[in-house]
Amino acid sequence: MQLKGNYEIWTKNLTKVYDKRSKQTRAVDCINLRVEPGVHGFLGPNGAGKTTTINMLMGAISITSGEAYVRGLKAGSIRARRMIGFLPQDPIFYGNMTAHEYLLYTARLFGLKKRDAINKTEELLEYFKLSEEKKKPISKFSGGMKQKVGLASTLIHDPKLLILDEPTTNLDPIGRKKIIEYVKKLAQDISIFVSSHILSEIEQMCENVTIINDGKIVLINTIQNIKNTYSSSSDLFIIDTNGNQMVLRELEQAEGVLRAWISEEDTKIHVVHNQGEKLQEIISNLIAREKIVLKSFYQPEASLQEVFINLMKNGDG
Amino acid sequence: MEAKSETVSIKAEAKPKFTISNLFNSLKEHLNLLLTVFKKTLLIDLFSRWKFIFGIIFMIILPIVWLLPQDASILNDQSSLNEVIGMVHIFFTYMTVLPFLLIYSSASLISEEIKMGTMLLLVSKPISRGEIMWGKYTALLFYNLILSVVSLGIVCLIAFLKYPFNDIIPFFWTQFVFSLIVIAFFGTLTMGLSMVFKNAKTTVVIPLMLLLIMIFLFFIIRPFLMMPTPNGDTYYEAFHVYNYDLGYHFINLYVWLYETLISQLPEGMIWWLLSWGIYTIEYDEFSPEFEILTKTHYQPPYISLLIILSFTVIIIIIGFIIYKRRDIN
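Chains as they are written, first to last, in our numbering: chain A, 1 to 317; chain B, 1 to 329.
Because the hints were derived from the structure by calculation, they are not lab data.
Just so you know, even glycine gets a beta-carbon here, dropped at the ideal spot from N, CA and C.
Check before you lean on any hint, since a few could be wrong.
What the hints assert, rightly or not - Distance ranges between label pairs, derived from CB positions:
| hint | chain 1 | residue 1 | chain 2 | residue 2 | range |
| --- | --- | --- | --- | --- | --- |
| 1 | A | Glu123 | B | Ser26 | 20 to 30 angstroms |
| 2 | B | Phe160 | A | Lys113 | 42 to 52 angstroms |
| 3 | B | Leu180 | A | Lys136 | 37 to 47 angstroms |
| 4 | B | Leu212 | A | Ser200 | 50 to 60 angstroms |
To be verified - Calculated pairs, SDA-like style, for lysine to any residue (alpha carbon to alpha carbon, straight line, at most 25 angstroms):
| hint | chain 1 | residue 1 | chain 2 | residue 2 |
| --- | --- | --- | --- | --- |
| 5 | A | Lys135 | A | Phe93 |
| 6 | B | Lys115 | A | Gly95 |
| 7 | A | Lys113 | B | Leu27 |
| 8 | B | Lys198 | A | Ile92 |
What the hints assert, rightly or not - Chain A is nowhere near these chain B residues, computed Cβ spacing over 10 angstroms in every case:
| hint | residue |
| --- | --- |
| 9 | Phe160 |
| 10 | Ile221 |
| 11 | Thr234 |
| 12 | Leu246 |
| 13 | Ser275 |
| 14 | Ser287 |
| 15 | Ile303 |
| 16 | Leu306 |
| 17 | Ile315 |
| 18 | Ile317 |
| 19 | Ile321 |
Full structure from sequences and hints, please.
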């Protein structure tokens, strides 16, 4: 038994229904989130309900039914918000404010004393390499710089938990890389709940992941477990014998082999076999008989992308 | 697939004990937050050098143009500034330009922030929506108060330097107190509407319509409404139109302020007040060539104040309830 206070985020049957002209839309449907300390990814396609869930946790939108707690405090309450550093999806800043003014303003909203607010602002501008641009209006910043200001503002009060909603949206590849690096660096000290629809990014940043689709949770697990689970059920095997055509011919004839081919990219043999152990035996016999050099024999790890696509296709876990 | 169901103990949120020092600290915290929003709204959202300068120029232009051509040689130390520009200042500066400036500046405070997306960043901070509203509202009132004081100060200074008026200080006070009523009314109204409507344009259009109908339209049609009916009274009286006439209530209050803070209204001002329904002309039964200016007393000033106050309070309460419940995406 675990207390909800032990979780960074805990929800029970959290639901959001939008009423629009007598038409009801269940944007989030009875989700039970269990976010433990560390970096937790919140994955789902566009419109899955990620932002709605996060906005409910922040108190920006009302909860239709269910419960939500952040570090044991009622989600959306002022005390809970005080512990969170929140970066919304595609944040809009006051364009006529400078980065320095905006961070100072944020610090004051978190109740920091003037001197502390100034020190923390300077420190964060330095950390995110924005010191030289601190007097420039935010409206003149690039997307990446704006995101850095947003990230800096989430850290102004030394939060216990960061909630980042699609932090790399609308950024170029370099901007994305930088933000991911910052998130990974920050993750050494605080818990982070990060939403994204970009799987490769979640894979780089997170240990645990919750997958959401159509407002419902589809899967919660560690990324490694998900990959292991899905890779073990895969029938694809890769054999590196320096592109040996004779091995390919032998395998094509072998029992249980559904398909075999040499990849044009890396000249490795790809074999689809429904019994891994049987294939291992066939390969061992081939090596002994034909004295071929086997450089590697492995099952490719399923990428999170494959898992995600499968889950979305199946509709459930 | 959903997370496994589990038995969960509810950990009560430990609330701080009630002590005087905790109460003081909490009040201090709220005040600091309110002040933070106030300062940001005032200095970033409302104030810009050129906006301020143009605002002042618009506010003083007509009273100054009215004042400067006055023949200084016929004015003496008994001349009244109130009589010369009092009503022009009230009508143009405080009932036309100032409401326009208030409507224009307050539209962006809530509805525009929600539409732009900056409100999401604000409401996700540990600040209540009440503190956000009060911070913005007080900044709006303060900014317009500064505009009013500066413009009034300039008008008084020019009058003092150029002519020997005997009532510059009473003029300042009556006009200043009246401006407080106008600022409170239009500031509260537009702030309330800014919380009710999602679209900033609606927030601007509705008070503008109200201004046009309640002040200007009435100003035009009032003389016709004050024509006598076959029964002898006026349409204005017969249908109690004055109750819905915002211009009447404002001027009714101004007259009360003047009579309370200074003295009896000078005759020059009373002629102006005919067009606002405060005074009416009656003719002597025996000598009809004599016009008698009589105060109408349709409503006592406190009723006018009550009508203005209740209207604004209702709007802001409704606005706040809607804003507090609004989903901010």
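- Taking the numbered hints from earlier one at a time, note which ones the structure violates and give those numbers from smallest to largest. none
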